[in-house]
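Could you put together the complete structure from these sequences and hints?
Residues 1 to 330 in the working numbering are what the sequence shown spells out, letter by letter.
It is worth saying that the hints were derived from the structure and are not from the lab.
Simulated restraints, written as ranges between beta carbons of each label pair:
#1 Leu95 to Asn59: 39 to 47 angstroms
#2 Ser324 to Asn236: 43 to 51 angstroms
#3 Glu312 to Thr138: 45 to 53 angstroms
#4 Asn59 to Thr108: 32 to 40 angstroms
#5 Asn209 to Glu312: 20 to 28 angstroms
#6 Arg114 to Pro62: 24 to 32 angstroms
Just so you know, even glycine gets a beta-carbon here, dropped at the ideal spot from N, CA and C.
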Amino acid sequence: MKYLSLYLVSFILLTLVGCNVFEWTANPTSATDYLNTGRVKLSQGDYQGALSDFRNAVNENPNSSEARYAYAKARLYVTGINSLDVLSSLSQFDLSSNNLTISFFNNTLWPNERATDLYVALDEIQQMLAPIFNNQTTGSISAHNVALDYGVSQTVFGLLQLRDNNRDMIINNADVDVSLIWLNGRFNLNGIIDLYNQQGYQTVNTLLNNGSNFITNLIHIIDTVVPPSSGFNSENLRATVDSIRTAMNSYRINDLQDNDGDGLIDEVVLGIQNVEFYLNMNYQIRSRNVNDNFGHDAAGSINDNPRPWTNEWLATLSQSKKDSLRRNIP
Numbered sequence: 001m002k003y004l005s006l007y008l009v010s011f012i013l014l015t016l017v018g019c020n021v022f023e024w025t026a027n028p029t030s031a032t033d034y035l036n037t038g039r040v041k042l043s044q045g046d047y048q049g050a051l052s053d054f055r056n057a058v059n060e061n062p063n064s065s066e067a068r069y070a071y072a073k074a075r076l077y078v079t080g081i082n083s084l085d086v087l088s089s090l091s092q093f094d095l096s097s098n099n100l101t102i103s104f105f106n107n108t109l110w111p112n113e114r115a116t117d118l119y120v121a122l123d124e125i126q127q128m129l130a131p132i133f134n135n136q137t138t139g140s141i142s143a144h145n146v147a148l149d150y151g152v153s154q155t156v157f158g159l160l161q162l163r164d165n166n167r168d169m170i171i172n173n174a175d176v177d178v179s180l181i182w183l184n185g186r187f188n189l190n191g192i193i194d195l196y197n198q199q200g201y202q203t204v205n206t207l208l209n210n211g212s213n214f215i216t217n218l219i220h221i222i223d224t225v226v227p228p229s230s231g232f233n234s235e236n237l238r239a240t241v242d243s244i245r246t247a248m249n250s251y252r253i254n255d256l257q258d259n260d261g262d263g264l265i266d267e268v269v270l271g272i273q274n275v276e277f278y279l280n281m282n283y284q285i286r287s288r289n290v291n292d293n294f295g296h297d298a299a300g301s302i303n304d305n306p307r308p309w310t311n312e313w314l315a316t317l318s319q320s321k322k323d324s325l326r327r328n329i330p
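Below you can see the structure in the form of structure tokens.
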């Protein structure tokens, strides 16, 4: 760990240095001055002082990719996590096992207070890196340079947002206890039913959509940025991340979609097994028991439901008709 820390500090310094780390003034007045003094403080182990100077550099020149990257990279280092370590952990996730919890939902590894500190830091880091990633800054740091840190920060933030489900930026007992667990060959979001009962489907869907979008972005970054020589088990990494995204999508509630692809509507989240919802001739919601969870769709049989419940069919409905259907799903 000692050598890893020294390596990370050296890496940050080498990445951030422009011409000479000792080109700094006693009283910094420009973004460049603040960057130089921040680099020196970082090399001396004064991380909070370095962060303050890097923040001042951003304030002096918000369009500086160097200033934004310096702050984000140092802030990430202070949190105690490393983007490559996160990807390495995901690449080693044992999908052949059972009943495993993703680490950021493990209260022993990440108790509420520590998880909150990381959560707040990742929010800041995203704000710093987003303009660079979206090519809205000037300087030598490109979107490619920040892609990995940006994607990992987004993804971990999205996971922790499920723990901060009242969205007050504090993870504590006021939030519903939600955890992401690999069980029986799929990721399960324990606690989602409680969250649904307390805060409704809009809150659940917002959190899941955010998480799914972040993970989609990370998958793209993995495919385009992470080199084959990285040493990761790339196949397992992508399978794990994609399985998390599948869970985020399949647990969305009351959106009139068969999100998990088994032909039933909302049965996973609502805790109703072997039931399918369908429409009768008058577009009324009906439900019935089926023998299993495979091979059925929500349309029912041609005899009692000639209106197929498909995405194409939903697209033909007015918004008021969709809202009516949504209100009547049990």
